[in-house]
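Line order of the protein sequences matches chains V and L.
Sequential numbering from 1 applies to the first sequence in this note's numbering.
Sequential numbering from 1 applies to the second sequence in this note's numbering.
It is worth saying that the hints were derived from the structure and are not from the lab.
All of these numbers come straight from a predicted model, not from anything done at the bench.
Hints are not guaranteed to be accurate.
Simulated DEER-style distance windows between Cβ atoms [to be verified]:
#1 L/54 with V/164: 27 to 35 Å
#2 V/219 with L/67: 20 to 28 Å
#3 V/15 with L/21: 28 to 36 Å
#4 L/8 with V/164: 54 to 62 Å
#5 L/54 with V/30: 25 to 33 Å
#6 L/7 with V/33: 25 to 33 Å
#7 V/216 with L/53: 37 to 45 Å
#8 L/212 with V/187: 28 to 36 Å
#9 L/21 with V/114: 33 to 41 Å
#10 V/212 with L/58: 43 to 51 Å
No residue lacks a Cβ here, since even glycine has one placed at the ideal position from N, Cα and C.
2 protein chains.
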Amino acid sequence: MNLILLFPEEVQGDRVTLTDHRAEHIRTVLRSTEGDQLRVGLLNGPIGTATVESVARREVALRLELHGPVPLIPPTALILALPRPIMLKRVLAQATALGVARIFLINANRVEKSFFQASLLQDQGYNTALIQGLEQAVDTRLPEVTIHQRFRPFVEDILPAFLADFPVRLIAHPTATARLPEMAPVPLSEQAILAIGPEGGWVDFEIDRFAVCGFKGFSLGPRILRVDSAVPALLAQLELLRRLTPRAS
Amino acid sequence: MNLILLFPEEVQGDRVTLTDHRAEHIRTVLRSTEGDQLRVGLLNGPIGTATVESVARREVALRLELHGPVPLIPPTALILALPRPIMLKRVLAQATALGVARIFLINANRVEKSFFQASLLQDQGYNTALIQGLEQAVDTRLPEVTIHQRFRPFVEDILPAFLADFPVRLIAHPTATARLPEMAPVPLSEQAILAIGPEGGWVDFEIDRFAVCGFKGFSLGPRILRVDSAVPALLAQLELLRRLTPRAS
Numbered sequence: 001m002n003l004i005l006l007f008p009e010e011v012q013g014d015r016v017t018l019t020d021h022r023a024e025h026i027r028t029v030l031r032s033t034e035g036d037q038l039r040v041g042l043l044n045g046p047i048g049t050a051t052v053e054s055v056a057r058r059e060v061a062l063r064l065e066l067h068g069p070v071p072l073i074p075p076t077a078l079i080l081a082l083p084r085p086i087m088l089k090r091v092l093a094q095a096t097a098l099g100v101a102r103i104f105l106i107n108a109n110r111v112e113k114s115f116f117q118a119s120l121l122q123d124q125g126y127n128t129a130l131i132q133g134l135e136q137a138v139d140t141r142l143p144e145v146t147i148h149q150r151f152r153p154f155v156e157d158i159l160p161a162f163l164a165d166f167p168v169r170l171i172a173h174p175t176a177t178a179r180l181p182e183m184a185p186v187p188l189s190e191q192a193i194l195a196i197g198p199e200g201g202w203v204d205f206e207i208d209r210f211a212v213c214g215f216k217g218f219s220l221g222p223r224i225l226r227v228d229s230a231v232p233a234l235l236a237q238l239e240l241l242r243r244l245t246p247r248a249s
Numbered sequence: 001m002n003l004i005l006l007f008p009e010e011v012q013g014d015r016v017t018l019t020d021h022r023a024e025h026i027r028t029v030l031r032s033t034e035g036d037q038l039r040v041g042l043l044n045g046p047i048g049t050a051t052v053e054s055v056a057r058r059e060v061a062l063r064l065e066l067h068g069p070v071p072l073i074p075p076t077a078l079i080l081a082l083p084r085p086i087m088l089k090r091v092l093a094q095a096t097a098l099g100v101a102r103i104f105l106i107n108a109n110r111v112e113k114s115f116f117q118a119s120l121l122q123d124q125g126y127n128t129a130l131i132q133g134l135e136q137a138v139d140t141r142l143p144e145v146t147i148h149q150r151f152r153p154f155v156e157d158i159l160p161a162f163l164a165d166f167p168v169r170l171i172a173h174p175t176a177t178a179r180l181p182e183m184a185p186v187p188l189s190e191q192a193i194l195a196i197g198p199e200g201g202w203v204d205f206e207i208d209r210f211a212v213c214g215f216k217g218f219s220l221g222p223r224i225l226r227v228d229s230a231v232p233a234l235l236a237q238l239e240l241l242r243r244l245t246p247r248a249s
């Protein structure tokens with residue numbers, strides 16, 4: 001936890017009292033005492049500092065100065081064929097730590113239907129993983145997560161409404177012949193949306209539907225990665241493409 | 001498991017009989033029956049195909065044709081400040097899947113000394129994780145793993161012997177001002193060695209010792225990543241730098 005993330009509804013003026021895992025973290029990991037300064041952030045708001053006013057066994061009181069910058073919304077969105085719940089939790093935290101504006105969790109032919117019953121998907125149970133990602137990465141911008149149990153309505157009705165926001169549209173699939181630098185603008189300067197398939201990959205029909213939406217296919221190369229490696233790998237590659245300058249040729 | 005990995009000592013001529021998790025995988029996941037073809041690889045040797053000769057409750061017999069290519073040794077090595085055991089296991093599998101020639105697991109000021117007692121580190125217990133990575137990525141080249149409980153002898157006596165093999169030497173640390181594309185050749189064509197620090201980062205002394213060995217520091221940016229995101233992210237970024245061509249500017 002590199003940032004103590006606060007929620008607007010718990011902050012009273014410039015004070016907040018924590019009683020949950022954050023209080024525990026401040027007390028036992030950071031070992032903060034009265035007068036110490038901590039890095040805090042307000043959900044979807046600014047990053048700032050907090051001064052510890054008191055540390056008790058069950059609660060920690062903080063005085064806030066939330067005058068720092070509001071993090072920018074990351075320029076990348078992720079479409080993810082729903083992985084198994086234990087993997088999903090990890091991947092949501094990873095994607096949030098690497099920085100994504102939105103995550104579309106979608107069905108695909110090779111997604112096991114039972115995965116949609118995961119408790120993580122009920123009542124925004126995934127928020128815990130997203131918040132963990134923000135606390136890790138020192139960010140306050142909660143990605144918007146939506147769940148789409150039917151593939152076709154997603155690609156035909158929902159996705160098209162977002163396409164104008166994401167001029168760069170990429171889909172990873174093993175049988176593509178091109179690699180990422182051939183299919184993405186280098187350097188990458190626009191908003192990008194990236195689709196990552198299930199174990200076993202997308203089926204042709206799915207690739208075709210994404211192609212209709214302007215998604216360009218690329219291969220990660222001959223090595224097949226699990227989704228908890230593929231997601232950080234690809235988000236990091238997009239980030240690197242954003243950092244390249246014409247000098248870097 | 002995208003490849004059934006075989007060990008030279010278990011292969012007899014062009015036959016092998018499996019009785020462990022691989023037999024279980026062939027039987028219950030792949031649901032192979034007599035005559036089916038499987039993708040197999042020989043540890044540190046060629047990739048090929050196997051024909052299923054028989055499937056019984058406790059064993060699967062295969063006839064091998066190992067005439068495919070021998071995978072190249074990946075052009076990247078990793079120096080990793082030893083993470084906690086549960087994380088180490090995952091990271092070793094991830095690094096192997098992404099492709100590394102060697103992994104040096106080293107001590108650092110912010111590594112908890114107890115991590116070196118992990119059962120994963122006794123009697124090459126980590127091999128299970130490495131093999132999982134190979135089976136995932138369809139590779140046969142087992143990374144060489146060495147464990148270095150003392151930082152200073154590692155950087156002063158052991159590391160220097162490898163430096164000539166790795167003309168590109170990079171160390172990730174949050175306080176560096178440069179980013180990866182400024183510190184690595186673009187495109188990257190030579191062998192590279194990458195050092196990734198512990199939670200909380202390297203201390204100045206450690207950075208200095210790596211600098212003496214010609215390591216250039218770079219920052220991943222403002223987002224702080226856990227090691228199970230940082231390792232795939234950075235290995236993938238190096239891989240992308242290898243794929244860039246002068247066209248890609």
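Earlier hints that do not hold, by number: 1, 3, 5, 6, 9
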